[in-house]
Amino acid sequence: MKKIEMSNTQLFFLIIGFLLGTTSVLNPAAAAQQDSWLAFILGWIGGLLLLLIYVSITILNPGKTLVDILLETFGKFFGTVVSIIYIWYFIHLAAVVLRFFGEYMVTVLYPETPVVFIIICLMLGVAYAVRSGLEVTVRTNELLMPILILLETTLSLSLIGMYNFNHFLPFLEQGFGPILKTALTGVMVPYGENIVLLMVFPFINKKEELRKTSFLAFIAAGVLFLAILVRDLLTLGPEMLKKASFPSDISAKLIPGIQIDPIVAATLVISGGIKISICTYAAVMAISQLLKLDDYNVFVLPVTAIIVSISIWSYDSYIHGVQWIPQEWTMYSFPFQVIIPVILLVISLFKRYSKSKEHFR
Amino acid sequence: MKKALKKCIIFLNICFLIFITSGCWNNHDITDVSIAVAAGLDKTEDDTIELTLQLVKPAVVRARKYGGFEESAVSVFSSTGDMVFQAVRNILSSVNKKVYFGHLQLIVIGEELAREGISDILDFFERDHEINPKAYVIIAKGTTARKVLHANSKLETIPAIHITSLLENDIALPKINKKMLFDLLRETSHKGHDITIGVIEIEEKDGADKELLVGDMKVTGTAVFKKDKLVGWLDPAETRGYLLVADKVKSGIINIPDPLTEEGRKIAIEIIRSRGKRDVLIQDGHIILSIEIEAIGNIGEQQSVKDIITIEKGKMLAEQLNDAIKKNVKEVIEISQKKFKSDIYGFGQIVHIKYPDYWKQIKDNWDYEFSNATVDIQVTSTIKRPGLITQPTRPQ
Numbered sequence: 286m287k288k289i290e291m292s293n294t295q296l297f298f299l300i301i302g303f304l305l306g307t308t309s310v311l312n313p314a315a316a317a318q319q320d321s322w323l324a325f326i327l328g329w330i331g332g333l334l335l336l337l338i339y340v341s342i343t344i345l346n347p348g349k350t351l352v353d354i355l356l357e358t359f360g361k362f363f364g365t366v367v368s369i370i371y372i373w374y375f376i377h378l379a380a381v382v383l384r385f386f387g388e389y390m391v392t393v394l395y396p397e398t399p400v401v402f403i404i405i406c407l408m409l410g411v412a413y414a415v416r417s418g419l420e421v422t423v424r425t426n427e428l429l430m431p432i433l434i435l436l437e438t439t440l441s442l443s444l445i446g447m448y449n450f451n452h453f454l455p456f457l458e459q460g461f462g463p464i465l466k467t468a469l470t471g472v473m474v475p476y477g478e479n480i481v482l483l484m485v486f487p488f489i490n491k492k493e494e495l496r497k498t499s500f501l502a503f504i505a506a507g508v509l510f511l512a513i514l515v516r517d518l519l520t521l522g523p524e525m526l527k528k529a530s531f532p533s534d535i536s537a538k539l540i541p542g543i544q545i546d547p548i549v550a551a552t553l554v555i556s557g558g559i560k561i562s563i564c565t566y567a568a569v570m571a572i573s574q575l576l577k578l579d580d581y582n583v584f585v586l587p588v589t590a591i592i593v594s595i596s597i598w599s600y601d602s603y604i605h606g607v608q609w610i611p612q613e614w615t616m617y618s619f620p621f622q623v624i625i626p627v628i629l630l631v632i633s634l635f636k637r638y639s640k641s642k643e644h645f646r
Numbered sequence: 002m003k004k005a006l007k008k009c010i011i012f013l014n015i016c017f018l019i020f021i022t023s024g025c026w027n028n029h030d031i032t033d034v035s036i037a038v039a040a041g042l043d044k045t046e047d048d049t050i051e052l053t054l055q056l057v058k059p060a061v062v063r064a065r066k067y068g069g070f071e072e073s074a075v076s077v078f079s080s081t082g083d084m085v086f087q088a089v090r091n092i093l094s095s096v097n098k099k100v101y102f103g104h105l106q107l108i109v110i111g112e113e114l115a116r117e118g119i120s121d122i123l124d125f126f127e128r129d130h131e132i133n134p135k136a137y138v139i140i141a142k143g144t145t146a147r148k149v150l151h152a153n154s155k156l157e158t159i160p161a162i163h164i165t166s167l168l169e170n171d172i173a174l175p176k177i178n179k180k181m182l183f184d185l186l187r188e189t190s191h192k193g194h195d196i197t198i199g200v201i202e203i204e205e206k207d208g209a210d211k212e213l214l215v216g217d218m219k220v221t222g223t224a225v226f227k228k229d230k231l232v233g234w235l236d237p238a239e240t241r242g243y244l245l246v247a248d249k250v251k252s253g254i255i256n257i258p259d260p261l262t263e264e265g266r267k268i269a270i271e272i273i274r275s276r277g278k279r280d281v282l283i284q285d286g287h288i289i290l291s292i293e294i295e296a297i298g299n300i301g302e303q304q305s306v307k308d309i310i311t312i313e314k315g316k317m318l319a320e321q322l323n324d325a326i327k328k329n330v331k332e333v334i335e336i337s338q339k340k341f342k343s344d345i346y347g348f349g350q351i352v353h354i355k356y357p358d359y360w361k362q363i364k365d366n367w368d369y370e371f372s373n374a375t376v377d378i379q380v381t382s383t384i385k386r387p388g389l390i391t392q393p394t395r396p397q
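Chains V and Z, in that order, give the protein sequences.
Adding 285 to a residue's 1-based position in the first sequence gives its number in my numbering.
Adding 1 to a residue's 1-based position in the second sequence gives its number in my numbering.
Chain V on its own, in the form it takes in the complex (with noise of 0.2 Å):
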């Protein structure tokens, strides 16, 4: 397998790009209203400990990526039948996050374009960019991201004179109960789904730096979420923001003057398209290793056709999937994110020690 040389910047905004994807324009916390705020900030410090497995992980196994380790730890049989279930999950989640950036384009700018047409197009794209390789997208999109923070800088500057600041109140009227709820759901999605980061984590240059660099980028793009989820709360209002289907577009519909909701789309293309190419990425990249070629190329037009399928076929409405994301895709991924993981912390944990007793007798 040829040699990838990721830098620590490029790690830096691959993950914020990762995290955005396409959950910027969804504002995960919006069903706790008001208190969203709070919700998000406890479900960003659940998705902190998530990171914080999934580095060690990758820290206790030096230069291997999820399928190394589930092979190493599990053995060849039940190995490969885990590394089995992870690819169908990377595989899933990309089709899940294509379907929401279909239905945010078709609900706010094409409604007369069928939503296949437009997922085949982000998707030739994203095919594009995997064969080109990892060094290849992660290069784009160290190019790309400065690019979207500002944007969403911009976004919520301008929309400062809409604020009003009595949408905080009144604080916890509905009690505990939905913010938690909602926080859980903001544990899974997005801050999870960076178990799929196992299979670029090793990559990385300096090693050394990873748990810095992935914590920073981490707390980056918790500030630049916080950023928009305020914004959205502040000018829309509690209620608005529980009933519209995607709060930052009507928000930016608001700014004073100027007509720059298409923005907003373009940044959704943009974090969107990183998200699906990472996922894409390391379905091929793990299938790749699997069967133990060097070359993943063959692969990616299968897997991202497969994506595209599935991405249709997952649910049939917008309604469906708002509904299908807090209640079964949360549970759904539980054992992938939260599981697996801690299964294999404690293994390599356990390894670990046994090995430096070894070695100390």
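Just so you know, these hints were derived from the structure itself, not from any lab.
Using N, Cα and C, we set each Cβ at its ideal position, and we do this for glycine too.
There is no bait here: all hints are sound.
Quick partial rundown of chain Z residues pointing at chain V, CB under 7 Å, derived from the structure:
1) Pro134
2) Ser190
3) Ile354
With the hints as your guide, set chain Z onto chain V.
Same frame as chain V, now just chain Z:
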């Protein structure tokens, strides 16, 4: 050979890109759409909704810009339907090109329809992706939206733009209640907040057969709603009192009686800054609605002969201004409490924010609580400058 193949592939790629990047699926050229600038909604006699659209003729707008072109730059069409969207589609039986709503500036709602409730008809405007939430909403008082949109303008090429720019005069004339579609929807969804919308009405005309112009109409005054149903009106002076409390006055003139000279003489104060603060206090189970208004003004005009620029007299003037504002505000809050029982200031929302538990107990009969609450009005005004002269010029 391989090089030729590569070139061929690149060429094909470019051709492909031309197709996928040059426009969206339902691409319409600007010449193939009719651009709606204003929409009017009325109730017909047989209980359907009548939609009136003011459509722009871009070629005429351009020609009139260079003068000497008498044709009207807009054409007005109407259609009916059970619901708004149906009426929007039915209009295509008379309009030849598909209507584009992206430039909609104004939504006029007829009085009759407003009395039956507006939230049903506004749903389309909130849901459709083309509609700009920054469009203004206005109620046609004593007339129909259809008639308002049929009026022509002598000042603007597009009559709807004339009306919206009249609404934007609210920065200098605090009798105009300008309401954006989005703000209206947001206020409707707030708990404990009844809505108000600006008003357009036709003034008396000289000749009966004269063509109606936007200049013959005025946009001052306010329509008061309870939930989403129109219940009554505030006249222009009352509108000012309402806007002062709602903290929406940017600048305006208040005439006060001259405290020094004989009856009937007046001084005009130009309010240059004003701040309205609403609060709710609960004392021994009694709700007290507290209103604080801070106004800063300059002397704009004086009828009397006396020199008023001394510290004591300045204070007297400020007192007079306090009284004038207080009277104005009190009158409006009494109307809203007793006559309409409609919480147009959003005091209920303040209770909801400040006392969430108390709000849960009283929210079902908030109307009663609001109309029986004690009101406490505090006005502090300052008069800053006399203008270029300190004494009026009078024959000696």
